[in-house]
Every structure is written in structure tokens, then in C-alpha cells.
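Participant: Chain residues, written in single-letter form:
There are 2 protein chains.
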Amino acid sequence: MAWWGWGWAERKRRPRLPASATEFLAARLELDGRIRPPVELDAVRLRASRLPGRVRDRLAAAAGADGVRDDRRSRVRHAAGKSYADLIRQRRGDCRRAPDAVVYPGSHEATRAVLDACSASGVAVVPFGGGTSVVGGVDPVRDGFDAVISLDVGRLSEVVDVDRPSLTAVLEPGLRGPQVESALARLGLTLGHFPQSFEYATLGGYVATRSAGQASTGYGRIDELVLGVRCATPAGDLDLPPLPASAAGPQLRELVVGSEGTLGVITRAAVRVRPAPPVRRYEGWFFRSFVEGAEALRTVEQAGAAPDVARLSDESETSLSLQLAGAHGLGVRLGGLYLRARGYAGGCLAIVGWEGEDDDVARRRARCAGLLRRAGGLSVGRSPGRRWEQTRFAGPYLRDELLDRGVLVETLETAAQWSDLMPVYKAVFRGLDDALRARGTPGMIGCHISHLYPSGASLYFTFLARQEPGAEVEQWRVAKHAAGNAIKSAGGTITHHHAVGADHSEWMVDEVGATGLAALRATKEELDPAGIMNPGKLLPAGV
Amino acid sequence: MAWWGWGWAERKRRPRLPASATEFLAARLELDGRIRPPVELDAVRLRASRLPGRVRDRLAAAAGADGVRDDRRSRVRHAAGKSYADLIRQRRGDCRRAPDAVVYPGSHEATRAVLDACSASGVAVVPFGGGTSVVGGVDPVRDGFDAVISLDVGRLSEVVDVDRPSLTAVLEPGLRGPQVESALARLGLTLGHFPQSFEYATLGGYVATRSAGQASTGYGRIDELVLGVRCATPAGDLDLPPLPASAAGPQLRELVVGSEGTLGVITRAAVRVRPAPPVRRYEGWFFRSFVEGAEALRTVEQAGAAPDVARLSDESETSLSLQLAGAHGLGVRLGGLYLRARGYAGGCLAIVGWEGEDDDVARRRARCAGLLRRAGGLSVGRSPGRRWEQTRFAGPYLRDELLDRGVLVETLETAAQWSDLMPVYKAVFRGLDDALRARGTPGMIGCHISHLYPSGASLYFTFLARQEPGAEVEQWRVAKHAAGNAIKSAGGTITHHHAVGADHSEWMVDEVGATGLAALRATKEELDPAGIMNPGKLLPAGV
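Chain order of the listed sequences is A and B. Using the numbering used here, you'd call the opening residue of the first sequence number 1 and step up by one each time. Using the numbering used here, you'd call the opening residue of the second sequence number 1 and step up by one each time.
If you are wondering where the hints come from, they were derived from the structure by calculation, not from laboratory data. Some clues are possibly wrong.
Copies of the same chain are indistinguishable here, so a pair counts whether it falls within one copy or spans any two.
Claimed, not checked - Within a straight-line C-alpha distance of at most 20 angstroms, the following computed SDA-like cross-link-like pairs (lysine to any residue) qualify: (1) LYS12 x ARG392; (2) LYS488 x PRO241; (3) LYS488 x GLY228; (4) LYS488 x GLU506; (5) LYS12 x LEU31; (6) LYS426 x ALA26; (7) LYS426 x THR411; (8) LYS488 x THR411.
In this text the structure is predicted, and so the values were computed from the model without any measurement.
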């Protein structure tokens, strides 16, 4: 993974925007056409490691000599996640807050020994999976401690056990998305969890952040897939075996899931798996408006007929994504004429998909399609579905290219009850629009519904604007604030699947209240009495 | 609700065992034929209330003068739940541990004021919904405090809000099962939660104990139905609004759900509701063995084709329930001949059921029936389903009759992964059998699978034995211990839906580990610093 952006550094392995898209954006956002590459690794500003030699020795005793690294590349790679603000800083070569060392324990016991060493020495610990956080979740915050290490779980990457009758797999946290899927595929199984960060994100990160994947409407969010978990905390091990259901008190698993490294390090998780689907069928549907499409999705979801993938773009995202896809071919133009003729011009595209056995997909698709049609939907065939499938993990690569070109590009998400969904949508749209206009950089804003639930859905916003040179982070922060405040006052959750990290912690008091924060803090103080675990994340400072 | 047992005291309103059943049991368990009625209310031993006058005044200020009761009937009714040991003591007239008063706050604010008064005065508080706990969950334990009150939520029984587009209802905790259903039925909706205690249990009790209902395979357990919750704790209000999903940190709702009154009083919950089903179809299937039937249920569940109700009795429960139902009619005898001819003699009966729109039930039933048949099942029509439906809430009434006749009768339950299910089943069966034999009172033991999950299922055991006069509670405790130890060593959960209460707390360390207990305790100490909330429940003493 490139330290300055997403994925492989080599240009030829990376998805790129078509020329027509960059031209369109340049005109629309009034870009200057200049390319701003990230600095070279040698030019990155880094402070000398402040890890005391005796602590380094103790960590090496715990994780092995090759399990403690403080070379430039390791520290720079672990200096940040992949949020917009992270990338701005990394590309500029500002890694002054890089961790003092990166430690790679190879077992649960080694992890425990690392935590013991850090507890005893007062060293902060930032658990690190794929490092794909977009909310500052792996920022190496010292929080008063002299030193901070990044605890990379990359060496904990075994498939510990597969219980086929129970369709349960016990996995280690360092397994990346493709490693999970290829290990399970050999057994004819799948986890079915495909966040946009799939190629680099790890199982531990999924669990620690309450991740949702693109097919989670069908497969369920990671919190619905986790059955058991083992977590090494400074105070001891939390070991919760997989059970199908239990009434034995509060569900502690739900404290570990979403704890974002603030309580301890997840060293294994037992997850629900399913037979790998022989068929995946994704297709496009058009609706005359976002409101009509949302109602259609509500109908299928509440009828128990939801597809496994359900993404409905609003009018603006539909038009934008056709533009950015370089949609100038004859087929697309003919498609546009067809939509106009049918009264769907300027409407909204939905991608819906099913995964499973052939007859199962056919049966479920037929029922869903009937309901979508009755709700005003127009089937536009499989090619939009194929296009989506080909580009479903491309977003973060394209973001790097936009950053090269001086574009502010950010995504944020929420979820709300169906009855609050359109008010939340409008409030966030307006909040972002106003904030960007006020800075003299009017934005392009799009949104899609990305996951369906019986009681509501999630909204996923993307916005683009011309960067303010020299004030990139401030510009972003103002827009982000406007969106967050709009979300909370309209009744949404501050995050549906990006987690809290550092960037959302100020809204946690709105999310769970003062008493809720006190309960979370009491748990943390019990499990992490020295306060070394991932400081500055999840809980707001000083509330 | 009768203070000495279940339901209405008047004989004619109560379901009764057929004469053939009582004869069968008398012979099989070597009963003496004597009837042992409960003592009269006047004969019940009760201590004088120890509630200081100034505290009583403060409680009356909070809940109203008529909201504080210390008459004999109120105190006796709140002296215990409905566990076997509770009923033994109540029937004997031993209510020496009755609460000093019963308080009925009429609002969230009144509840808060009651908690404030009790915190300030050092009075223990036992939240009380329907009082149907079978695990000692409402025992008025003083735990070192001078006085204890029962906080009855019976006056908090409003439907606060129904959000129809989001299929969500906000309900107060004192609503009993039938009140919930009739209020929702007026709007064409249902909660779909039908525990055996349905007639008396309350919504607050469902939520506080992680209840499961007889149709929870289809509708989901209460923990899957609760979307938001408000809980008055001594430290302040936990107010978690309904959200379809969130990644904003650990899920605090899952701390309140299952907290069993040890953190505070649930004063409202937002729950998922559904359109009321026009059709309910329950039917019987036979399998040649419990193992074969369990495999069939695993198949339909993992294929996403599970019925809404799925109960598979083992060989022993199948034969016992036919006996107890007074199954001596011609139809039943012909049915027996039919089963024998088809090779299912001595087999296992399953009740499977679907609820919903006509075409939905037909479609789902067809798919499930095909899979059950392929897995060895034999459809035996709708009359076993009708019989089950008629008697689905009768168990607790019949228990009183068995107690009259000197029978030890108890139920207990667990859940385990599919691969552990038969080992757990055998271990518990053997544990109970050995324990009862060792006391010279060999038992009749039956079991059924009651809820299906992708990764496992629940097991529900019923056992009967002749009571040991004078050692009824000890005899029960020994059997219960044997079962609990067998469950935990074979990999099950100590409780699938009865909750922890006082009776299961000793196994909590096996369930969540020492670190898990420490986390729970830290949360409790934060939210209930004086330790007044439902002492002696959930958390084991002194661990």
C-alpha cells in the first residue's frame, strides 16, 4: 500500500479517470490543470523515534527482533490512515506524528506481552489493521505519553478453524479482505463482506469499526456476522466464544465490536460464513426521482424481498457518475434517449444485485423485480450492474488522482429511520452546499442509499470542490462540520459504517448522551486503566 | 395474577391436565395422590415493612400517595417471581423476604424521582414488570440495605408513538403481551413476540431479560426487535434513539438489553413492528429421530427457508406430550398406526408454522416442506399444529396443578452451535437423569429444539420427578446444578431466553470470563454507584 495514497504505487496497476471525466471536472470546478504529486519518501519530515531503548528491547522480546521496526518507510506508512486530511498531510510529507515504532506480534500471547510492556512503560498503542480508516482511526496520538507504537496485526493472519455444520469460521484479525475470501473459497464458502476498502482492509478492522460491505443488505453488517471474539486488553483477555444466541446478560460482544482499538486488540473473531454463491447478478433500474426510488426500496425491504446489493443514487449522483464514467459512447446516448422517451430523463439509477444459487437468485429476483416495477421502477438491464461491479473498489484510487489535480474529495455517511431519511438527506445536502459556497468553492454533491433495513436506510454522500491552496484541511473541516451537525440535528447517526475515530468523536455526546459516554468511559478505564489504547479515538476529550 | 402461582386464581378459567394424564403421572412418578394446596393469604408469614416513614413520604411525593403500597396482598404478590423455588416458598406461605413496599411511578420523571429517593436513602430497588421471572430475577434482595422496594412499571403502559413508514413503535415497559398486541392490532400491526409468559409478561421485562418468543425463529428475538431504549439509571438517563444501524462505537443498547434491572429501569423502548399476519399456519411433521429432525431444521435454516415457528421434540418429549395430552382417542390411535406403518414409530414430532400474507405463507411453506421431506420428514397435517396453538400458553397453569400433586417440575434452556448441539443435549440429559436418580426420585426428561439460528439452535428441557417432601428446594437445586454444569462444560450458553437472575449468576464467570465480569461490574458501578439496583442478580457475589 502506498504511504501517500491508496493501493499500488505503480501507475499502470491503478484504475484511472477517463480523460473526458477529468476535462469535465476541470471545467466544472474551475481547476488550474496543474498536477500536484506527493513528495518523495526521502523528503518526508519525520521526528527521531522517542521509544526508549529498554522498551524497544522489551517489545523485541515480546514480538521478536524482526517484529519491531522503526525504519522510515514503516513509520511513514503507519503515520496515518486514508482520510482526506490524512492524505493531504502525507502527500505534503508531514509525518511528524508518525509512531515511534511499528510492532508486529505474531500471536495472541505476543500481543498480550506487547500490551503488558506498553502498560508498564506508559507507551500509547494504536492497533493497526489495513490502515484504511477514513476518520482518523489510526492516528498515532500520544496523548501525554512519551512514545506511541503502531501495533500492526499483519502477522496474525491465520484461519484458525472452520466449523462447517455451524457455518462459522474463526479468523485472525490481520487477514485482508481478499485473503479471507480466498481462504474460504477453497472450502466453498464466503464471508460476503465487501466494503470499498476490501482489497486492503482487515478482518480485525472490520470488527473494530462495525464495518458494512456493499452486499450487507443481503449478508448483514459485520456486527451481524460476528458471533464470538477474543480481545487482548491491558486488564486481561475478553474471550467470548461463538454462541447462536444468549440471554446471559448484556451482550459484551457488542462492546468489543466497534471499540476501535480503545479497549484492546482483537486477536480473533468467529464469524458467520455461507456457501459461496455460484451466481452474482447485478443490474440497473431507473426511478423518476430519489423519493420514488427510496419508497420502492423501502417496499421491497419491508416485504422481505430486498436484493443483496441495493444502491440508489440521487439525481445528482446519477448524472455525475454517468459523466465521470466517460459516458459518451453511442450505447449510453441511445440509453439516454430511451430513458427520456420513457419519462425517466433526469431520474435516478439504482444498482440491485443478488448472490446465491441459480434458482434462488431467479426466485428472489422475480419477486423483487415485480415490486420494484409496481413502485415505478424501470429495468435497464445488466450493463449498469457490470459497470458497477468492475469499478466497485476503484473509488480510493480515483481519489488520489483527484488530489493530484487539486480537488477536495470526501465521502461521508449516515443512517436514519425511513421517516427521517429525506429530511436528513436534504439537511446534509444543504449543509454541505452552503458551507462550500461560503468558502467560494461551490461543490458537486451526490448521494446514494447504500444499505436497507426494515426501519430505515443509510445515505452515502460524495462531494467534490476545488481545493483552497494552503487551507485544504480547514476547508474540508468546515464542510465536514456542517454535514455532521446537519446529520445530528435531523435525526441521523453520525456514522453508518466509517466509525468514529478522531473525526466523529465530538458528536458522540449527541449520539449516546452524557450517561452513555460515562458508561463507555467506565468500561475503558476498567479494561485499559493506564489509558494507553488508541488515545484520542471514539471518546471526545474532556467531556 | 395469583400470588402463589400462575394466572387467574379461579379454577374454571385455568387450563387443566386431563384425568388420563394425572393418572399416568401418578403411576409413573409414584405419587401419593394427595393434593397440597397453597396456604391462604392470611396465613402467609410476612415481616413488618422496614421502610422508614421519611423515605415513604419521599416515594409518595415521587409516585403519588396511591403509588406507594405496603398492604399484605401487594407485598406478597411482589415477594417472588415464578420460578420453581419461588412457587415452593410462596405456596408454603414463606414471604419473609417480601419487599417493604411496592412503588408504581406513572412517568419517566416519577421513575427518576423514585430512583433519586432510593439512592439518597440507601433503599434497594427491584424493577418489576410482569413478575414472571423463572430465575429469581425479581427476588427482593436487600444486600445489606435496610429496606427494599419493588418498582412496578405497571402504570407505564402507553403506546407513545407508532412510526408506520419505519415500522417502529415506541412503547412503555408496563404493557403486557396482550396489551402490546391489541394496541398494535388496531393499527394492523404486530410485534410478533410470544413467549410462554405472554399473557402476563411485560415489554420492559422482555427487553430487560433478552426474551425470545415462540415465533422468534421468524420474527427475531427481542434483542433483534429493540431499536432504541430509554433507561433511568441512578446516574442519569441513558436515552438511545431508534436507528436502523450505526457504527458509532460499541452498541450501548446491547448493554441495556439484558441488564435485568441491575443498571436502571427501562422506561420506554422503540421496537420493530410488522404488518399483522392475516394467516397463521401451524402443522406437524415427524422425523425418525431427534438427530434426523435437527439436521432437517439446520438445513432449512441455513437455506434461508426456516419457518417462523420451529419446535422439534425429542423422542421422550414426543411420547410424553402425547401421553399428557390424553392422547387416547381413536384418531390418535389411528395416527400411531400410520406412523408405525411409515417407519416413524417412536419418532419425533416437530411443530412448524408460518405467519403472513396468504401467498407469502404458501410460497415459504412450499419451499420449506420440500426441504423437510428431502431430509426425511413426514407431514402429519395441521391438527398437531392446532393442538399446539391451543395449549401454547398453558404450561405455567399446568405446573401449578403438578405442584398441587407433589411433582417437581422445571424447565431450563440453552443454545449452542449446531456442531455442539447433540453433545450438549446428551450431557444435559445425562446430568439431569443422574442427579434425579441419585436422590431416589428418577425423573421424566424431555427436550425440544425451540429456536433456529444459522449457526446453531436452542434446546429447551422439561423435567418432572416426585418431590422430596421437606427438601423440595434442595432437590431442585441439585438437579439444576447438574444441568448448568453440563451445559457449560459441553459448550452451551447458561441461558437462551430465561435470563440470568439469581439462579444463573454463578455461571456468569464461565459465560463471559473474569475480564468480562469486570467490564460489567465497572459499568454497573458507573451507572448505579450506590449499588441499589436489583441486588444479587446477574453478577455473582464476590467474584
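Participant: Confirm or reject each hint.
Facilitator: Verification of the supplied hints:
| no. | hint | verdict |
| --- | --- | --- |
| 1 | LYS12 x ARG392 | within (18 angstroms within a copy, 67 angstroms between copies) |
| 2 | LYS488 x PRO241 | between (35 angstroms within a copy, 12 angstroms between copies) |
| 3 | LYS488 x GLY228 | between (31 angstroms within a copy, 16 angstroms between copies) |
| 4 | LYS488 x GLU506 | within (11 angstroms within a copy, 42 angstroms between copies) |
| 5 | LYS12 x LEU31 | neither (24 angstroms within a copy, 85 angstroms between copies) |
| 6 | LYS426 x ALA26 | neither (27 angstroms within a copy, 71 angstroms between copies) |
| 7 | LYS426 x THR411 | within (16 angstroms within a copy, 53 angstroms between copies) |
| 8 | LYS488 x THR411 | within (17 angstroms within a copy, 46 angstroms between copies) |
The structure does not agree with the numbered hints 5, 6 stated previously, though it agrees with the rest.
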